[in-house]
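Engineer: Residue numbers (our numbering): 113 to 223.
The hints are all genuine.
Each pair of labels, with its calculated beta carbon distance range:
(1) GLY216 x ASP149: 21 to 27 Å
(2) GLY122 x ASP215: 35 to 41 Å
(3) THR136 x ASN168: 33 to 39 Å
(4) THR156 x ASN180: 24 to 30 Å
(5) VAL119 x ASP158: 56 to 62 Å
(6) SER140 x MET113: 39 to 45 Å
(7) ARG217 x GLY159: 39 to 45 Å
(8) MET118 x TRP172: 56 to 62 Å
(9) PRO212 x LYS116: 42 to 48 Å
(10) GLY182 x GLY122: 17 to 23 Å
(11) LYS166 x LEU129: 36 to 42 Å
(12) THR156 x MET118: 55 to 61 Å
Straight-line alpha carbon distances no greater than 20 Å define the calculated EDC-like cross-link-like pairs of lysine to aspartate or glutamate that follow:
(13) LYS209 x ASP134
(14) LYS166 x ASP149
(15) LYS166 x ASP194
(16) LYS166 x ASP152
(17) LYS166 x GLU150
(18) LYS166 x GLU197
Source of the hints: derived by calculation from the structure; they are not laboratory data. Quick caveat, the model's predicted, so the values are computed rather than measured. Glycine included, every Cβ here is placed at the ideal spot set by N, Cα and C.
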Amino acid sequence: MSKKRMVVLGIIVFILLFAVMDYTSPTSEEMEQWMLDENDIVCTKDGGVNYCEKDNQAVWRRSGHFRNVGFFSSYERNYEYDTGEQLIYRTFGFLGKIIPMEDGRVWKIVN
Numbered sequence: 113m114s115k116k117r118m119v120v121l122g123i124i125v126f127i128l129l130f131a132v133m134d135y136t137s138p139t140s141e142e143m144e145q146w147m148l149d150e151n152d153i154v155c156t157k158d159g160g161v162n163y164c165e166k167d168n169q170a171v172w173r174r175s176g177h178f179r180n181v182g183f184f185s186s187y188e189r190n191y192e193y194d195t196g197e198q199l200i201y202r203t204f205g206f207l208g209k210i211i212p213m214e215d216g217r218v219w220k221i222v223n
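Construct all of the structure, not just a fragment, from the sequences and the given hints.
Structural biologist: Quick look at the structure:
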């Protein structure tokens, strides 16, 4: 094989690999639902407003962010309960898998 063919083949493989990774990267809705299920948080919608509970405690505020950079995504969600307690959940999505993350060096790199 000539060098030109090798370069063209390498570019094609890279584009295909990136397309597969982008297609399988979890969406924000998938990550949100996984996070709710994993942490036993139940949300109901009443007139367009979401009401959420965990362990029979109302969740008053939810905030967070979602980042999708093509071949992976990260999602962080902060929950504040009526008692004032706050919990932060972090996840990393790659090739269709969702992985819980802790705050630390790896999280700072992907986020």
